[in-house]
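Chemist: We have chain W already, so just place chain A on it with the hints.
Note that the protein sequences, when read in sequence, are chains W and A. Here our numbering = 1-based position in the first sequence + 20. Here our numbering = 1-based position in the second sequence + 908.
Bear in mind the hints are in silico, worked out from the structure with no lab data behind them. Treat the hints loosely; a few may be bogus.
To be verified - For lysine-lysine, the following BS3-like pairs were computed, each having C-alpha atoms within a straight-line distance of at most 25 Å:
| # | chain 1 | residue 1 | chain 2 | residue 2 |
| --- | --- | --- | --- | --- |
| 1 | W | K238 | A | K1082 |
| 2 | A | K989 | W | K150 |
| 3 | W | K238 | A | K1028 |
| 4 | W | K148 | A | K989 |
| 5 | A | K1034 | W | K233 |
| 6 | A | K1079 | W | K233 |
| 7 | W | K233 | A | K1049 |
| 8 | A | K1049 | A | K1113 |
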Amino acid sequence: MRKRILSSLVTVGRWFRRTGVAGQILSLVIVIGVFAIGTKGKYLALANLQVILSLAGIPAILAIGLHQTIVLGAIDLSVEGVVGLCIVFVGILMRNQYGPYDVGLWIIPITLGVGGAAGVVSGLVNAKLKIPSFISTLGMSWTLYGIAIYISKATTVPLLDHRIQSVVNGNISGIPNIAIIALVLLIIVQLVQDRTQFGRYIYAIGGDELLAKQAGIKIDRIKIIVFTIAGILYGLSALFLSTRLGSAHPRTGTNLLFPTITASAVGGVALTGGIGGAKNAVLGALIVTALNDGLILMHVNPYVQEAVNGVVLVAAVALTIDRKKLGFIK
Amino acid sequence: MRNLNNMSMKETVITLRGITKIYPGVVALDSVDFAVYENEVVGLVGENGAGKSTLVKIMIGFEQSEAGTITSSTGEHITLKDPVTAIRYGIGMVFQDSSLVPNLSIMENLFLCHELGFQKFGFLSKRSMRDAARSVLEEVKIRVDVDTPISEVSPAVRQMVEIARLLWLSKLYKQKNPILILDEPTTVLNDSERETLFTILQDLKQQASVVLISHRLQEVVENSDRIVILRDGKNVTEMAASDASISETEQLMVGHTFSADRYREGDQTSPGEEVILKVQNLSKKRVFEPIDFTVRKGEIVSLVGLVGSGKEGVCKCITGQEKPDTGSIFLDGKKLSSGSPSNAVGAGVGHIPIDRRNEGLAAAMTVAENVNLLVLKSLRFAGLISPYLERKNAKRWIEECLIKTPSLTTMCANLSGGNQQKTVIAKWLSSHVKLLVLDHPTRGVDVGAKEEIYKLIRKLAKDGIGMVIMCDTLEEDIGLSNRMLVMKDGRLVKELDCPLNEKPSPSDIIDFIV
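With the rest of the complex left out, here is chain W (with noise of 0.2 Å):
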């Protein structure tokens, strides 16, 4: 019996070391240890257990697009932006108290339909036009951003169709369900990374984009497909946000880029590419929550927050990152 247990133990421990999520886990559980006795076991109330879940939903889905980018080896600044225009989208046509549209739940396709546009450009100018990714999409969200604000007029629509709202709010049995959509799209793209000759390709091309290209992979439509799903989820989220709110307003989507790029980092997505999946970007988003939530529960100031998240980027790139193997850092 022991000896199967330590077997048990042995395979668990192998598991984790080469899925690369152990440091994640263990970072996880000392944060909430930490909080849990600084704010004497409020923190682990099942109120705030469930606060921090819904928090962490928005962030992950947000992660699981963008890490993705960063494992090719390149990365996606787009995300304001494309929040932005896809919140303009569901202010225009969702049913509200100034336009005449009401698509209903066609807005779901919408919105992911424009996300995944705007994706698409990111790719096609990243892959065809061979701009640098860190230049085309940071142009990118600029660009959407200032088209949001042109057509919204920066107004903002609140909503009257309260179909998706309630569900983005609601939960099943206590657990939000903004957590378990997360959860739901964690496991699928956990499962292509794994387990499907595409997700074997992303790795390639951030591993060595050189020899994956020798070996016969075409590298031009992975990153135009890679870049479709980022803005596709990113799309999502825009929903998400803007119903949970009941209102649009496309100055909604500001503010999302750092915590989305600090939770792939925190995850252990390394930005050199090739290493890290969707299980990290889901870990490090709710890291990064319950890092938050704990310090707001200690009634840390605001500011020192944001210093603190700011250092706990640093400190995360530090450590994913093998700088031996980097020739010089730009």
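Modeler: Leaving out everything else, chain A in the frame of chain W:
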């Protein structure tokens, strides 16, 4: 010769005819013929720049030739437009630096781009991949955990994984006699691994042909059936390995004919008395054993030896790129702090690297900026860099070093290899170095520019700069140097004087090298 006749009874698997490849400024291959027969190991030898690498790159579709034909065993003319096409014809290469993706596991690398055969219900079955991987690796006799990432396994295992991948792919494409090209396979291996490799290659001969490229002539002669020799991008000869001797092969590789004053020996000066560089008890674990030598003022000291003899390590320690384990380096009697390139440069050690595009100069900067890079301090006027002084200094050295550039502000990237190299030399000349380490200064440079680089090297010597040099060919080493240090397996085995008119012949030295 009888062996060669036997060879012609065998079927060819691939025939290359009249292959010509021209790179900007250099004819890399000039109408070269090359055939591979079934079930043989063929050694492809030649000096650096003889065209071996270019030839095999054309065979795997990595490069395309300007002229010539490639014919398969069935007599069909084939076009190899990329490595993916080449492998369909059963031609694959194991590169000097591994061509496996480092973050993927052994298994994932083995089947990269051919995963669909392992699909079950839309998902890849890891179990069937693992089983297949194990049986594929069995053929090359390695037992490893197939889930280990490539970055964590030894170079020997990587090599075997690459070989196994090529064999598996050839089988997948139903090629009966695949061609495995191994480019310098033994440089990354230790002695026992090397032996294993050759045992496996002899085994593989039953089902494949092997093209072996190696600097170590001995292992080529011992392990090949046939040897093909290239020189200056042309066929020299081919012979059965059993008829070949190492020294004869070396001579054929080098060639007999070269002009009397090819290396401007006439300008050779005798060195001064003063010692510029003193290397004392210098050693680095697993690279080279403790070594002592000196370089005098205006002396050209050539380090010769095979790849892996440790000569590169010695040079890297002198220039501060690597930190030695023991010993010290004195420049003009002052001890250099070890492992610091900036300290070495500050003390007056210049370095002309083999990879000038990446290390020698800033390709995206102008000629003038590169020449002035080290002397900016002296080009100041009232504390700021003076454009006038900058132009003046750059002009002076561009003229002195015969750099052919359209203007001072031309990007270095747009110069020819020879002129880039002259720019690197100008940079060091203008900074008044005392010692210069030249790592293959004429690599990838055309004949005319070579001549000018030799001229510059002579001029440096005349100005009293001490030099440590490693050349592309033994001839060049002999021709240029005042003194030669022969290294073998990390040890200094011989010191030879090369005074004017009494130069040793290559064959005198080869015995020490191999």
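Chemist: Would you mind marking each hint as holding or not holding in the structure?
Modeler: Now for the hints, and whether the structure bears them out:
1. Our distance criterion of 25 Å between C-alpha atoms is met by K238(W) and K1082(A), whose separation comes to about 24 Å.
2. Between K989(A) and K150(W), the direct Cα distance comes to roughly 23 Å. Compliance with the 25 Å bound is thereby established for this hinted pair.
3. Straight-line distance between C-alpha atoms of K238(W) and K1028(A) comes to about 23 Å, which keeps the hinted pair within the 25 Å bound.
4. The hinted pair formed by K148(W) and K989(A) meets the criterion: a straight-line CA distance of about 21 Å does not exceed 25 Å.
5. Between K1034(A) and K233(W), the direct Cα distance comes to roughly 24 Å. Compliance with the 25 Å bound is thereby established for this hinted pair.
6. Between K1079(A) and K233(W) the CA atoms are separated by roughly 22 Å; this keeps the pair inside 25 Å, and the hint holds.
7. This hinted pair does not check out: K233(W) and K1049(A) have alpha carbons roughly 29 Å apart, beyond 25 Å.
8. Proximity of K1049(A) to K1113(A) is assessed by CA-CA distance (about 15 Å); at most 25 Å being required, the pair is judged to hold.
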